[in-house]
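J.: So you can see what is in the structure, the chains are spelled out below.
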Amino acid sequence: MKFRFLNTGHRSAFENMAIDESILVHNSKDISPPTLRFYGWTPSAVSIGYFQSMHQEVDVDACKTHGADVIRRITGGGAVFHEHELTYSFICRENLEFISKNILDSYKQICGGIIKGFELMGLKADFVPLNDIAINGKKVSGNAQTRRQGCILQHGTILLKVDPEKMFSLLKVPDEKIRDKMIRVVKDRVTSVSDQLSREIEYDLMVGKMVEGFARSLDITLCDAELTTPEILLADQIAKEKYNTSEWNFKR
Amino acid sequence: MEIQKDYKEEGKKLIRLYLELKENSINNISIRGDFFMHPEESIEELEKRLKGSDFNLEQIKGIVEPFFSNIESFGIDADSLLNAFRRCRDEI
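The listed protein sequences correspond, in order, to chains A and B.
Mapping of the first sequence onto this note's numbering: residues 1 to 252, in sequence order.
Mapping of the second sequence onto this note's numbering: residues 1 to 92, in sequence order.
Among the clues, some could well be false.
These stretches of chain A come out as covered by chain B in the derived footprint (C-beta under 8 angstroms, 3 or more residues) [as the list claims (entries may be wrong)]: (1) 46-53; (2) 75-89; (3) 146-158.
Calculated Cβ distances over 10 angstroms to all of chain A for the following chain B residues [as the list claims (entries may be wrong)]: (4) GLU2; (5) GLU40; (6) GLY52; (7) PRO66; (8) ARG87.
Think about it this way: if two alpha-carbon atoms lie no more than 27 angstroms apart in a straight line, the pair counts; the simulated DSSO-like pairs of lysine-lysine are [unchecked claim]: (9) A:LYS64 to A:LYS138; (10) A:LYS181 to B:LYS48; (11) B:LYS12 to A:LYS177; (12) B:LYS48 to A:LYS108; (13) A:LYS251 to B:LYS48; (14) B:LYS5 to A:LYS177; (15) A:LYS181 to B:LYS5; (16) B:LYS61 to A:LYS251.
Just so you know, the hints here were simulated from the structure itself, not pulled from any lab data.
For each residue, glycine too, the CB sits at the ideal point set by N, CA and C.
Produce the entire structure from the sequences given, and follow the hints as far as they go.
T.: Shown next, in the form of structure tokens:
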């Protein structure tokens, strides 16, 4: 099975989410091939799950002060602070034979690519249902999937470095008195590739390992390509009309 | 009257329920949290159905249960959502 491989580099939250959606729309019409995309976030950003309330989860003023974007995803799940990370999206038709129709099984299947990528770096990672990947019992990757227009879109983060203090300066905590406790909990339960390897890991090196991991784990052939002009045009439109609007980001 | 309650069951995701009550009926509602629902937009349909309903657990159950039997969800189900409503009722 042939997949297109895209590395779209570091972009704004609005571009990133709009590109994922544009690829999905084009793939659903069979105009674009199934795609594995890697990307990063500049400026850093906080994304929230489809069902979350922006004001309840995110200190929007603090994000403004830090220059971090805020955005709502089309996928469920929790609030994520995106800074030093590699993000992927996996987009294909739901009816591809090798992808499980069962949503939970397909999470595990797609996360298998990341787990294999970690293995190629000498790290043993495990899938933790519903939607996490852990190394040595600590979360290193969170994933979220939507199914629409006959397609699967799964995107997820791979933490390259983690900064719980900064994370909690941008996210709201239920009670100010437990802010320090929550930072300690994240330090205990969340890890990063740099922490695990005791050295800094570059985005590009990580992309290479993960591409190989996906190819081997899912038995797909990845062909290096670029976004098409129609995909770029639609992504620009979706960014402007949806992801960069208060109507969408603050709708719940 | 506004009620805001967070509720989490073991092995499930966090449900953050916001209710605005007017003379014992649901005037406004938002079911928030880090759960998953497919299709995502169905949550708005559920909220629409609950709006205007009496704040009565039996009546709410009659709306919530058939809704969940027709969609796919992870980290939230009819029972956990009804328990979240129960917590809200205990607030009154």
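J.: Hint numbers the structure violates, sorted upward?
T.: 5, 9, 10, 12
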